[in-house]
Amino acid sequence: MTRIVVRRLVTLVPLVWLVVTLTFVVVQLAPGSYADTLEHPRLTPEARQSLRAAYGLDRPLGEQYLRWLAAAASGDLGTSYLFKERVSRVIGRALPPTMLLAGAALLLDLLLGVLLALAATRRPYGWLDRLTTVLGLGLYGLPSFWIAGLLILVFALTLGWLPASHMHAVGAGDLSATGRLLDLLRHLVLPAVSLGLVGAAATARLLRSTLLEARASRFVLAATARGLSSRRILWVHSLRPALLPVITSFGLALPMVVSGSVVVESVFSWPGMGMALWRAAEARDVPLVMGLTLVGAAAVIVGSLVADLLYAVADPRAREER
Amino acid sequence: MTAAVRLRLVAAALAALVAACVLGPLVLRPPPADAVVGALQPPLATVTALRLDDGSTVVAPHVEETPDGLVASGAGRRRVVDPARVVATTRHRLLLGSDRFGRDVLHELLAGGRISLAIAALSLLLAVVIGGTVGVAAATGGRLVDAVLMRFVDACLAFPVLFLMILAAAVLRPDPVLLVLLLGGTSWMGVARLVRGQVLSLRTRPFVAAARVSGSPPHRIALWHYAPNLVGPVAQDTALRMGDLVLAEATLSYLGLGVPPSVPTWGSMVAQGHRALPEGWWLAVVPGVAIALLVIGLALLGDALQRLGEQGA
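Residue numbers (the numbering used here), protein chains in the order written: chain S, 7 to 328; chain F, 2 to 314.
One thing to keep in mind: the hints can contain errors.
Chain S side only, calculated, beta carbon under 10 Å to chain F, not exhaustive [said to hold, decoys possible]: (1) Leu24; (2) Leu28; (3) Tyr61; (4) Ser150; (5) Leu250; (6) Ala259; (7) Trp284; (8) Val295; (9) Gly302; (10) Asp321; (11) Pro322.
These are computed hints drawn from the structure, not numbers from a lab.
Every residue, glycine too, gets a C-beta built ideally from N, C-alpha and C.
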């Protein structure tokens with residue numbers, strides 16, 4: 007078990023290096039640099055040139071790349087051009103909102119997905135099953151930004167129940183601790199629902215088929231023959247094996263917790279990693295782009311590793327085979 | 002319903018949608034969008050277009066004859082037209098309403114669908130070509146080639162794909178060719194894995210061994226013996242993948258990436274609709290439903306193909 011973890015962690019390094027290098031190439035493919043994106047009437051070409059020199063943008067690309075790589079290897083991600091701050095601090099500020107939003111979305115995804123699948127499989131091919139199938143298919147086809155827009159139209163613009171954007175209301179800093187928490191939760195609802203709803207449809211679809219498969223299996227027949235209660239058969243003998251593929255699909259969704267959903271964050275002006283990447287890319291803020299991609303790539307790889315480990319915990323058969 | 006009937010139904014519905022997008026803009030006669038008095042008309046509204054002698058057109062939902070002349074009014078604006086200058090009067094029914102600039106949403110939808118479909122289809126083609134080549138090469142090229150290629154596939158799968166696409170699209174100029182390269186270049190890995198698995202199992206079949214001992218060169222075996230047997234599984238897979246590509250294209254064009262803003266696509270139409278909320282709700286709803294119908298249709302097509310394959314096996 008430990009050997010597998012170590013081996014996977016070792017492959018992490020070249021993978022992350024590959025991703026980061028490709029990112030560097032993509033950023034450099036673009037015309038212009040940070041010094042060219044600044045707009046100021048008194049900015050003369052000479053001043054621009056000295057800015058370029060100050061940021062080291064006039065150096066050969068190979069040198070810039072190697073410098074960044076050497077610094078990153080020793081844990082220094084450099085300073086963001088745009089925010090004039092350490093990249094690690096910018097990431098540290100953008101990470102909590104993204105983790106909060108993605109965590110809430112994944113929770114909703116799991117709860118709603120399991121609930122829908124359980125409801126659907128009570129009577130396979132009954133009206134509830136058909137209804138959830140049709141709903142799930144509809145949610146699968148709709149883009150999350152469209153659902154976000156519809157939610158804003160209905161709940162924010164028409165009914166006025168929930169705020170349409172940002173993480174805090176103006177002047178929320180003056181509220182009490184509970185008031186601030188409530189304010190945050192009110193802002194969290196719409197983005198979390200628009201992310202979680204699409205996921206829940208996929209989870210329900212997957213879980214429905216695995217649950218039906220588990221219920222038709224011989225170990226459930228054996229459990230029934232032993233006279234176990236139907237509740238125990240459902241929760242312990244059917245749901246547990248049926249949830250295994252869901253763990254894998256959640257492992258693939260884990261990177262979202264770190265890298266953020268750029269679209270939903272942009273619709274709701276949620277100040278997370280996705281928004282940070284968007285702004286950094288537009289400003290040609292190379293150190294910030296590189297830092298964000300580094301974190302995002304590491305998250306993808308660690309996410310799939312965590313999913314594999316959880317799988318081994320949940321399924322004793324997987325532990326033997328590896 | 003048997004699988005074959007279901008497959009035909011879904012395929013017919015999708016073909017109708019594609020045909021509508023390809024041919025629709027040629028057949029439809031939308032009202033001209035210049036000098037519009039009442040833009041942003043809801044679905045099923047009727048507008049009157051008054052063509053004037055100088056070639057310009059006034060389009061408005063209401064036209065009344067008054068002593069001052071013809072009064073075209075709508076959405077709080079009005080314009081008086083001299084009846085003597087009107088050359089022709091036509092009435093248009095806007096089935097899906099019009100946008101801020103008075104453009105017919107139905108026409109925009111079909112024209113945008115064309116571009117969305119073309120981009121998704123071309124990136125899918127690219128993904129199948131790259132994935133197929135890598136898959137066949139990995140399965141037939143020996144152990145070392147296989148190991149190298151499959152680790153490369155793993156590395157590409159580990160990429161934060163949307164991250165990369167957004168980065169590239171934000172940094173580089175909007176360009177449909179670039180979009181196709183990006184979408185195709187980030188979605189071939191699944192095809193490669195599928196093709197590799199299929200070819201590995203095909204390799205052990207007697208007809209491939211027969212071809213090999215009769216001296217067929219490897220490219221001939223790949224083209225004449227592997228490719229025909231790969232069509233079925235790849236077709237199933239591509240139906241689902243096409244749906245994902247349509248969604249990815251919509252997401253990127255929603256964010257204002259991909260194609261220049263003057264070109265309508267379904268994603269950018271949703272984005273425009275969001276800017277027109279709350280009064281222009283149909284502007285966002287219509288293209289969203291179109292995306293959903295296409296993606297769901299493709300999912301059903303993949304499902305029907307899979308069932309047909311299971312029945313045939």
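Subject >> Minimum beta-carbon distance criterion (10 Å), leucine 24 (chain S) to chain F >> reply: Nearest chain F Cβ about 5 Å off; hint holds.
Original post:
When the nearest CB of chain F is found for proline 322 (chain S), is that gap smaller than 10 Å?
Top reply: 26 Å, violated
Original post:
With a cut-off of 10 Å, does the beta carbon of tryptophan 284 (chain S) approach a beta carbon of chain F closely enough for the hint to hold?
Top reply: 6 Å, holds
Subject >> Per-residue hint verdict: alanine 259 (chain S), partner chain F, C-beta under 10 Å >> reply: Violated: closest Cβ of chain F sits about 12 Å from alanine 259 (chain S), beyond 10 Å.
Subject >> Supplied contact hint for aspartate 321 (chain S), tested at 10 Å Cβ to chain F >> reply: At 22 Å from the nearest chain F Cβ, aspartate 321 (chain S) fails the 10 Å test, so the hint is violated.
Subject >> Satisfaction of the glycine 302 (chain S) interface hint, Cβ to chain F closer than 10 Å >> reply: 4 Å, holds
**OP:** Under 10 Å, Cβ to Cβ, is where tyrosine 61 (chain S) needs to be relative to chain F, so tell me if that hint holds or is violated.
**Re:** The hint is violated - tyrosine 61 (chain S) has no Cβ within 10 Å of chain F, the shortest such distance being about 17 Å.
Subject >> serine 150 (chain S) as an interface hint toward chain F, with CB separation required under 10 Å >> reply: Hint holds; serine 150 (chain S) Cβ to chain F Cβ min 8 Å, cut 10 Å.
Subject >> Agreement of hint leucine 28 (chain S) with chain F interface, Cβ distance less than 10 Å >> reply: 7 Å, holds
**OP:** Report holds or violated for the interface hint on leucine 250 (chain S), using the least CB-CB distance to chain F and a cut-off of 10 Å.
**Re:** Violated, because the Cβ-Cβ distance from leucine 250 (chain S) to chain F comes to roughly 20 Å (cut-off 10 Å).
Original post:
Taking the least C-beta to C-beta distance, is valine 295 (chain S) closer than 10 Å to chain F?
Top reply: OK, holds: valine 295 (chain S) within 10 Å of chain F, min 7 Å.
Violated hints, listed in ascending order, are 3, 5, 6, 10 and 11; each of the other numbered hints is respected by the structure.
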